[in-house]
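Peer 1: Sequence:
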Amino acid sequence: MTEQQITPLTSSEIERYARHIILGEVGGPGQQKLKRARVLVVGAGGLGAPVLQYLAASGVGTLGIVDDDRVSLSNLQRQIIHSTALVGSPKVESAARAIAAINPHVTVEVHELRIAPDNVADLVSRYHIVVDGSDNFDTRYMLADTCLEQKRPLVSAALGRFDGSVTTLMPYAANAAGEPNPSYRDLFPNPPPPGLLPACAEAGVLGVLPGVIGTLQATEVIKLITGIGEPLIGRLLLYDALTSRFETIKYKARKA
1 MTEQQITPLT SSEIERYARH IILGEVGGPG QQKLKRARVL VVGAGGLGAP
51 VLQYLAASGV GTLGIVDDDR VSLSNLQRQI IHSTALVGSP KVESAARAIA
101 AINPHVTVEV HELRIAPDNV ADLVSRYHIV VDGSDNFDTR YMLADTCLEQ
151 KRPLVSAALG RFDGSVTTLM PYAANAAGEP NPSYRDLFPN PPPPGLLPAC
201 AEAGVLGVLP GVIGTLQATE VIKLITGIGE PLIGRLLLYD ALTSRFETIK
251 YKARKA
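Numbering (the UniProt record's numbering), first residue to last: 1 to 256.
Fair warning: there could be bad hints in the mix.
Said to hold, decoys possible - Subject to a maximum C-alpha distance of 25 Å in a straight line, what follows is the list of computed DMTMM-like cross-link-like pairs (lysine to aspartate or glutamate):
no., residue 1, residue 2
1, Lys252, Glu202
2, Lys255, Asp240
3, Lys223, Glu179
4, Lys252, Glu230
5, Lys223, Asp186
6, Lys250, Asp135
7, Lys151, Glu202
8, Lys223, Glu202
9, Lys151, Asp122
10, Lys252, Asp145
11, Lys255, Asp186
12, Lys151, Asp135
13, Lys255, Asp145
14, Lys250, Asp163
15, Lys223, Asp240
16, Lys252, Glu93
17, Lys223, Asp145
18, Lys223, Glu109
19, Lys223, Asp69
20, Lys255, Glu149
21, Lys250, Glu202
22, Lys255, Glu179
23, Lys223, Glu15
24, Lys255, Glu202
25, Lys151, Asp138
26, Lys252, Asp240
27, Lys250, Glu179
28, Lys151, Glu179
29, Lys223, Glu13
30, Lys151, Glu230
31, Lys151, Glu93
32, Lys223, Glu149
33, Lys223, Asp163
34, Lys250, Asp145
35, Lys250, Asp122
Stated by the list, open to error - Label pairs and their calculated CB-CB ranges:
no., residue 1, residue 2, range
36, Arg114, Leu76, 20 to 28 Å
37, Leu73, Ser244, 27 to 35 Å
38, Pro117, Gly27, 37 to 45 Å
39, Ala100, Ala174, 36 to 44 Å
40, Asn175, Ser89, 19 to 27 Å
Note that these hints are calculated values from the structure, not bench results. Each residue gets a CB set at the ideal place from its N, CA and C atoms; glycine is no exception.
The whole structure should be built from the sequences, with the hints applied where relevant.
Peer 2: In structure tokens form, the structure reads like this:
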């Protein structure tokens, strides 16, 4: 993150974030970092909903939302940032209204569009961290490649019917041993053939599952911003809701 001028926390912000501030690992300096952070969330659906809600509540100063879809009734089983009253509204507008109700200190930048080759670089360059809450492989690979080029951390996740996964990508940097961090293509070299994996509308998804995985994504973002803990770099965290089991798979950069 680039350094910006520090704006003191107001008395209202100090009260709002009191439980963060008393954490020695976060404290006032960490809350200031959250306030200065700019995070782009791609997708205001199942994953984007908890990501946006928790990052807003945590005090991330600017949230960008990318989505070209509108709220439908079938979304509401899992996309809890939206409400019945706003069915038919653009998802970016619905999400922005929900964020304003959660935390008026957060600036929301809406991008009612679909990520494409002609806009992805400009969008990514405006933010410090990118969160992938998309539901298609074209967007996932496009974001991963662009974040590598733009040197932006990417928190990526995916959902199945009863399972999900999360990883954090910083392939432009090296680990403590001086080895290059792995990229998305080191983990998944090529997208699967079209039609191999059914879409959510065809396969279904457990309604609470995106809440678990999206909350893990939000946690990764907060760790990256504040510099606490160990992000999921080079590690793919897997969650199986039916067995209540977490597993971690390590992966490395492929040798040229």
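Peer 1: Which constraints among the numbered hints does this structure fail? Numbers only, ascending.
Peer 2: Violated hints: 1, 2, 7, 8, 16, 19, 21, 24, 31, 35 and 40; rest satisfied.
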